[in-house]
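So you can see what is in the structure, the chains are spelled out below.
There are 2 protein chains.
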Amino acid sequence: MLNRRNFIRNTAITTLATLSIPELVTTTFAAEKVKKIQLQKDDIILFQGDSITDWGRNHTETKPNNTSMLGSGYTLIAATHLLTQYPKNKFQIYNRGVSGNKVFQLAERWDAECLNFKPNVLSIMVGVNDFWHTLTNGYTGTINTYRDDYKKLIDRTKQALPDVKLILGEPFLAKGVRPEEKNWYPKFNEYRLVAREVADTYHATFIPYQSIMDDAQKLVPGTYWTSDGVHPTVAGAGLMAQAWLETVKA
Amino acid sequence: MLNRRNFIRNTAITTLATLSIPELVTTTFAAEKVKKIQLQKDDIILFQGDSITDWGRNHTETKPNNTSMLGSGYTLIAATHLLTQYPKNKFQIYNRGVSGNKVFQLAERWDAECLNFKPNVLSIMVGVNDFWHTLTNGYTGTINTYRDDYKKLIDRTKQALPDVKLILGEPFLAKGVRPEEKNWYPKFNEYRLVAREVADTYHATFIPYQSIMDDAQKLVPGTYWTSDGVHPTVAGAGLMAQAWLETVKA
Chain H
31 MLNRRNFIRN TAITTLATLS IPELVTTTFA AEKVKKIQLQ KDDIILFQGD
81 SITDWGRNHT ETKPNNTSML GSGYTLIAAT HLLTQYPKNK FQIYNRGVSG
131 NKVFQLAERW DAECLNFKPN VLSIMVGVND FWHTLTNGYT GTINTYRDDY
181 KKLIDRTKQA LPDVKLILGE PFLAKGVRPE EKNWYPKFNE YRLVAREVAD
231 TYHATFIPYQ SIMDDAQKLV PGTYWTSDGV HPTVAGAGLM AQAWLETVKA
Chain U
31 MLNRRNFIRN TAITTLATLS IPELVTTTFA AEKVKKIQLQ KDDIILFQGD
81 SITDWGRNHT ETKPNNTSML GSGYTLIAAT HLLTQYPKNK FQIYNRGVSG
131 NKVFQLAERW DAECLNFKPN VLSIMVGVND FWHTLTNGYT GTINTYRDDY
181 KKLIDRTKQA LPDVKLILGE PFLAKGVRPE EKNWYPKFNE YRLVAREVAD
231 TYHATFIPYQ SIMDDAQKLV PGTYWTSDGV HPTVAGAGLM AQAWLETVKA
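Chains H and U are the protein sequences, given in the same order. No gaps in the numbering here: position 77 of the first sequence is 107 in the numbering used here, and each next residue is one more. No gaps in the numbering here: position 250 of the second sequence is 280 in the numbering used here, and each next residue is one more.
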C-alpha cells in the first residue's frame, strides 16, 4: 500500500484526469506491482464470485466459451478478448458466479463448481456481500469470518489443485453513489484489506479494483461506472475486464 | 474489390496465418480502404439488424447503454469498448436488432426504432436472412428485392437524417460449417455485393465481414468463429466488434 500511497500523493489529480482508461489501469498496476500470469495453450479458466461475476448468465448452460453461460458482465468481456485474440490457444472459459454469494456459499458448491473443473487459472471476486449483507440481510459474519472462510477456501483449493494460478479481485464500492454510503466506512475497508492479505498469503495475483474505480472516478462520477455503487454498468464491466486482462499475458 | 484481390494474391497464406487478429483486421481494412467515422461527444449510436445484432437483448428495456438492452453479441462488445474508453464522450448507445429480420422488416419498424432516435451514427447489419429464408422459409424475395428494399430504406433514412453517419455490415457465411453450404453459392455472393453496392452508393462505411471471416479462418476453422456458419460464437462476436470498432475513431 505504501508504494501506491506515495504514488498517488506525488501525482496531481489533474494529471490522472488526462490519462486514458488503459493508461490509468497500467499506471495503477505498475504502482501496485501486480504480478502477471502467463496463460498456456488449453488453459481452463474459471471465473467465480457473486452477482458481479454471475451477471445474467444461464445457470443451466454448462458448455465452455458459451455466451449465455458466460453472462454479460466483465466475465464475458474478458473472455471475449481472450477467445478472439488467441484463437490458437483453445482456452476453455467458464463462469460459475452466483448472485448474492458470500465466501461460505462458494465453499458449499466448491467441489462441483470449482475443483471438479480442474482450472489452470481461477479468478475469484467475492467479499462485497460478506460485508453488505450485515447491513441489509441480518448476516452475522464478521471480518474474521470473511478472513477465515476465504483462507479455508484457498487452502482447500491449493490442496486439490497445487498448480492453480489464482487471481483474487478486491471488493470495491464506487464513491458518492449510495445514499447510505457512510454506513460502509470504515468497516468495508477491512474487507478490501483482507482480500489483499489473502492474495499476499497465497502469492495470488491481486486486482486492485478499488484503486481502479477511484482513479476512473477522477474522469467521470461513480454513477457512470456502477448503477448502485456495487454493480457495474456496461462501462464499469469494461473497466473491470480491462483490469482483469492486465493480470494475464498469452 | 480489385485492390483486395491483388493484395490477397500477393500475400502468402502462411504470412496471414502468423498475423494476430488485430493485425488481420487492420490489414483487411487497409486493403479495402475502409473509411473511418469520427465520433463526436454526445453521439447517439444505433445498432440495427437481425439476430446477429439482437443476440439475446431484452426487447422491453429501452434505456441507452444498458446491458440487457444491448444483448450479448458484437453490439455489447463494441458498446462496452466505446463506453469504457471514452467516458467523457457521453455516448448513448442503442441496440434495436430483431432476430430473423430481413430489410423489409426493418422498414416496417423504421420510424419507431430508428428515425425517432435521431442517431448520429447508424450501423446496419442485414441481408443473410434475405437470402437464407429463400432456402428455408419459403421467402420469395430476390436479389433485386434486397437491393430495392435496402436502397429505399437508406433513401428514407437520409431524407429524415441528412447528416447521419452510416456503417453497413457485409452479410457473411463462415465456410465449411454448414452441411448444405453448396446451396448458398453462387447466389449468396450477390447479397454481399449488393450490400457493398448500397454502401458505395450512399458513401457509407462498409465493414467487409466476409473478408475478415475468411482471413480469421486461416488461423482456426469456421466452427471456432460461428456455431452454424451464420451466428457468431463469443470469439466471432469479438472478431465482429473488433472490425466494427476499426470503422470509428473518437
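It is possible that part of the hints are untrue.
It does not matter which identical chain is meant; a pair holds if it fits inside one copy or across any two.
[What the hints assert, rightly or not] In silico SDA-like links for lysine to any residue, alpha-carbon gap of 20 angstroms or less: (1) K279 <-> I51; (2) K118 <-> L49; (3) K248 <-> Q115; (4) K71 <-> Y116.
It should be emphasised that the hints constitute simulated quantities derived from the structure, not laboratory data.
Each hint tested on the structure:
Taking the shortest Cα distances, K279 and I51 sit within 20 angstroms of each other both inside one copy (19 angstroms) and across copies (16 angstroms). With identical chains, the CA atoms of K118 and L49 are at most 20 angstroms apart between copies only, with a shortest distance of 12 angstroms across copies and 33 angstroms within one. For a Cα distance limit of 20 angstroms, the shortest separation of K248 from Q115 across copies, 14 angstroms, qualifies, whereas the shortest one inside one copy, 30 angstroms, does not. Only within a single protomer do K71 and Y116 lie at most 20 angstroms apart by alpha-carbon distance; the minimum there is 9 angstroms, versus 33 angstroms between protomers.
In summary, this structure violates none of the numbered hints.
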